[in-house]
Amino acid sequence: MCSAGEHLKILIADDDIISRTLLEKALGKEGYEVVSTENGRQAIEKLTADRGPRLALLDWVMPEVNGPDVCRAVRAQHEQHYQYLLLLSSKESKADIVSGLESGADDYVTKPFDLEELKARLRAGVRILELQDHLVEARESMRYHATHDNLTSLLNRGVIVNLLGMELIRSQRENRSTAILLCDIDHFKKINDTHGHLVGDQVLREVSSRFLSAVRSYDFVGRYGGEEFLIVLNNCNPASSASRAEQVLRSLSNRPVSTSAGLLSITGSIGLLLSIDWAGRPVEEVLHEVDLALYAAKQAGRNCVRLAKSQIPQQHVVVPAIELPVTVERRKS
Amino acid sequence: MTMTPLVLDAAELLARVENDRELLRELVAIFKKQLPGQIDSLRNNVENGEIPGIVVAGHTFKGMLSNLGAPRAAAAAARLEELGKKGATDKVGPAFIELQNEISLLMPELESCAAQVNT
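Those protein sequences? They're chains W and Z, same order as listed. Mapping to the working numbering: the first sequence position 114 is 114, numbers consecutive. Mapping to the working numbering: the second sequence position 42 is 42, numbers consecutive.
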């Protein structure tokens, strides 16, 4: 019986048509989705295909490629989802069994096989596959939680800073520019104090979603801390970086955020830095400078973008304002 | 006292198909259909001394006949496979004839068995 009514796909690779037919019928009755082939080359193709069978019964002696070589080819793929391989053979010496298992097979059954024993061994294989799936799922969940912010599901601070470091090196090597945006929600503390932290969390989640929508799929968005977000725009033309930053800024203010406390209008402030102006500088220094640019945006009354200039690190160039839609009030909140 | 192996071990064959009468008929039909071509191919290999082909064919017959509950014919196929592996070209001819004889004895019993379960 397959697990929980699931139709687990199983490959039968055997050039003996009688054996193949017997297995097809018996395993079909057990609830498996049976796929058959009569030679080893086709078995490799099927097992290494996308969504290929997770279980396989492989005859040892087959045309073109034998069973042990099929096992070796499958194991060489290092697929994330483990495949349980069972060799069938009339070879029954200890050396043959050892050789078969060393090729990567999980189990070994001698022909002519006892059907009940074979089915029991396959059920053991299904249990191992289920266990492996649970382990992979747990590992992926841990990997996700180690790299993403729990509240917003954005990349967490460690990951976004690490990615920024790699992007700075890459952009310098390729003589391209990366735009770094440090964004802060204006007066966020007031939202928390007035409406409570649950509403504050709703705002953070919505802001994260808007930032993701405002950038390209290959840009990076991470939660830098509290209500601060770090956005890395890869390969961003310096001439268009200001308008890109304005787009990100507008994504916050162009419509109110729907929360359990009602609609809330929000704005943000952005410090912008172009890597081409800061070639070869370490990531810590770049972050410090973009933080100063963000501070300059706050000092300038918020709801605006300020560009960090390498030549004059303590001064910040005013980015020409882009006309916002008339329906949206550009508030200094 | 040593028991002579049966030409057809009907009890084992029925157990192997889990008493699925339809499946048994299907297997017998497949075997009858495959047999002439496989025998011709094996005969060619034997006549031309194609040892690798003899070994593979002997192995395939051994597996098929074992699954059909035919211990004597399976044993004859196993002997042919072994002689091929040893390169005993002078002995594969008689071993092939022995296999043909065993299959000749088997076929009526197999068909009779299929007919019995057919009723």
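Hint data in this document are derived by calculation from the structure and do not stem from the laboratory. Even for Gly, the Cβ is constructed at its ideal location relative to N, Cα and C. Treat the hints with care, as some may be off.
What the hints assert, rightly or not - Per label pair, the in silico range of CB-to-CB distance:
{"hint": "1", "chain 1": "W", "residue 1": "His-145", "chain 2": "Z", "residue 2": "Asn-19", "range": "30 to 40 Å"}
{"hint": "2", "chain 1": "Z", "residue 1": "Lys-33", "chain 2": "W", "residue 2": "Ala-76", "range": "36 to 46 Å"}
{"hint": "3", "chain 1": "W", "residue 1": "Met-142", "chain 2": "Z", "residue 2": "Leu-6", "range": "38 to 48 Å"}
Said to hold, decoys possible - Just so you have them, the derived chain W footprint on chain Z, three or more residues with Cβ under 8 Å:
{"hint": "4", "segment": "4 to 10"}
{"hint": "5", "segment": "50 to 61"}
{"hint": "6", "segment": "86 to 96"}
{"hint": "7", "segment": "100 to 108"}
To be verified - Pairs of lysine-lysine residues, derived as PhoX-like cross-links and limited to a Cα-Cα distance of at most 20 Å, are as follows:
{"hint": "8", "chain 1": "Z", "residue 1": "Lys-32", "chain 2": "W", "residue 2": "Lys-91"}
{"hint": "9", "chain 1": "Z", "residue 1": "Lys-91", "chain 2": "W", "residue 2": "Lys-111"}
{"hint": "10", "chain 1": "W", "residue 1": "Lys-111", "chain 2": "W", "residue 2": "Lys-25"}
Go through the numbered hints given earlier and state which of them the structure violates, listing their numbers in rising order. Checked against the structure, the hints that fail are numbers 1, 3, 4, 6, 7, 8 and 9, while the rest are satisfied.
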